[in-house]
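2 protein chains.
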Amino acid sequence: MIITMNRILVHEEYGMQFEETFRNRAQLVDGMPGFISNQVLRPTSPGDPYIVLTQWANRQHFEDWVHSEAFKEGHARSGTLPREAFAGRNTLELFEIVLDTDQPDLVPEPHGVPFNPHG
Amino acid sequence: MIITMNRILVHEEYGMQFEETFRNRAQLVDGMPGFISNQVLRPTSPGDPYIVLTQWANRQHFEDWVHSEAFKEGHARSGTLPREAFAGRNTLELFEIVLDTDQPDLVPEPHGVPFNPHG
Numbered sequence: 000m001i002i003t004m005n006r007i008l009v010h011e012e013y014g015m016q017f018e019e020t021f022r023n024r025a026q027l028v029d030g031m032p033g034f035i036s037n038q039v040l041r042p043t044s045p046g047d048p049y050i051v052l053t054q055w056a057n058r059q060h061f062e063d064w065v066h067s068e069a070f071k072e073g074h075a076r077s078g079t080l081p082r083e084a085f086a087g088r089n090t091l092e093l094f095e096i097v098l099d100t101d102q103p104d105l106v107p108e109p110h111g112v113p114f115n116p117h118g
Numbered sequence: 000m001i002i003t004m005n006r007i008l009v010h011e012e013y014g015m016q017f018e019e020t021f022r023n024r025a026q027l028v029d030g031m032p033g034f035i036s037n038q039v040l041r042p043t044s045p046g047d048p049y050i051v052l053t054q055w056a057n058r059q060h061f062e063d064w065v066h067s068e069a070f071k072e073g074h075a076r077s078g079t080l081p082r083e084a085f086a087g088r089n090t091l092e093l094f095e096i097v098l099d100t101d102q103p104d105l106v107p108e109p110h111g112v113p114f115n116p117h118g
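Those sequence lines, one after another, are chains A and B.
For what it's worth, numbering that gives the first Met the number 0 labels the leading residue of the first sequence as 0, then goes sequentially.
For what it's worth, numbering that gives the first Met the number 0 labels the leading residue of the second sequence as 0, then goes sequentially.
Do not take every clue at face value.
Between beta-carbon pairs, the in silico distance windows are [as the list claims (entries may be wrong)]:
id, chain 1, residue 1, chain 2, residue 2, range
1, B, LEU8, A, PRO45, 40 to 48 angstroms
2, B, ASN89, A, PRO45, 17 to 25 angstroms
3, A, ASN23, B, ALA86, 34 to 42 angstroms
4, B, GLN26, A, ASN57, 21 to 29 angstroms
5, B, ALA86, A, SER44, 33 to 41 angstroms
6, A, ALA56, B, GLN16, 38 to 46 angstroms
7, B, ASP63, A, PRO32, 38 to 46 angstroms
Far from chain A by the CB rule (all over 10 angstroms, computed), these chain B residues [stated by the list, open to error]:
id, residue
8, ARG22
9, PRO45
10, THR79
11, ARG82
Simulated from the structure, these hints should not be mistaken for laboratory data.
Backbone N, C-alpha and C fix where the C-beta goes; we use that ideal spot for every residue, glycine too.
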């Protein structure tokens with residue numbers, strides 16, 4: 000099981016508008032094979048990014064989503080904020096779940112090859 | 000509801016040993032009031048940190064944990080890795096959950112005051 004985190008630097012005055020785009024988003028990712036859950040996290044310290052956190056059954060499911068038509072469609076729709084809303088480039092991080100109190104019997108994800116967020 | 004993330008830079012050759020300390024850790028945090036879940040996340044890209052992610056009912060529960068005897072005890076026990084295992088200082092981030100597909104009726108956490116990780 001894996002978790003992806005998209006770290007998005009949003010200027011404070013655009014925060015509410017940024018959250019609104021997720022409330023109104025098409026639920027495109029939710030139906031993808033291997034999708035488990037998705038959260039939007041608001042920073043509490045100035046300079047910290049918003050995080051869009053998604054849990055997937057495994058890395059292949061995530062890769063399939065990134066190369067899907069639904070992904071392109073979702074990202075085309077979500078580009079409603081002006082460029083000046085963002086304080087920098089996104090950073091995409093990918094993690095393998097080692098331990099989870101909600102899943103005591105979880106078999107830790109095997110070590111994968113390094114993740115290339117621009118691949 | 001909030002999420003804390005402790006971002007811990009671990010040199011690759013100490014990764015397995017780092018994970019082992021969490022497998023063998025005392026389950027001190029699990030019983031704290033307001034504790035929801037805890038995950039240990041392994042990075043997949045060189046230079047990315049491990050993340051210890053904890054979900055809490057609200058910020059006060061997290062603050063109570065940080066100032067508890069159980070917290071001191073847990074952190075005293077976990078200091079079994081040599082200093083050279085770490086590639087830098089930890090970063091503690093605190094987020095308010097805005098949206099969660101697992102909780103469609105979640106009332107988003109209200110905006111809190113800025114979080115001071117050294118407070």
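Results for each hint:
1. B:LEU8 - A:PRO45: 40 to 48 angstroms: For A:PRO45 against B:LEU8, whose Cβ atoms are near 22 angstroms apart, the range 40 to 48 angstroms is violated.
2. B:ASN89 - A:PRO45: 17 to 25 angstroms: 19 angstroms, holds
3. A:ASN23 - B:ALA86: 34 to 42 angstroms: 40 angstroms, holds
4. B:GLN26 - A:ASN57: 21 to 29 angstroms: 27 angstroms, holds
5. B:ALA86 - A:SER44: 33 to 41 angstroms: Violated: the Cβ-Cβ distance is about 22 angstroms, outside 33 to 41 angstroms.
6. A:ALA56 - B:GLN16: 38 to 46 angstroms: 28 angstroms, violated
7. B:ASP63 - A:PRO32: 38 to 46 angstroms: 40 angstroms, holds
8. ARG22: Contrary to the label, B:ARG22 does not stay out of reach of chain A, its closest Cβ about 7 angstroms off (not over 10 angstroms).
9. PRO45: 6 angstroms, violated
10. THR79: 16 angstroms, holds
11. ARG82: 22 angstroms, holds
Against the hints set out earlier in the document, violations occur for numbers 1, 5, 6, 8, 9.
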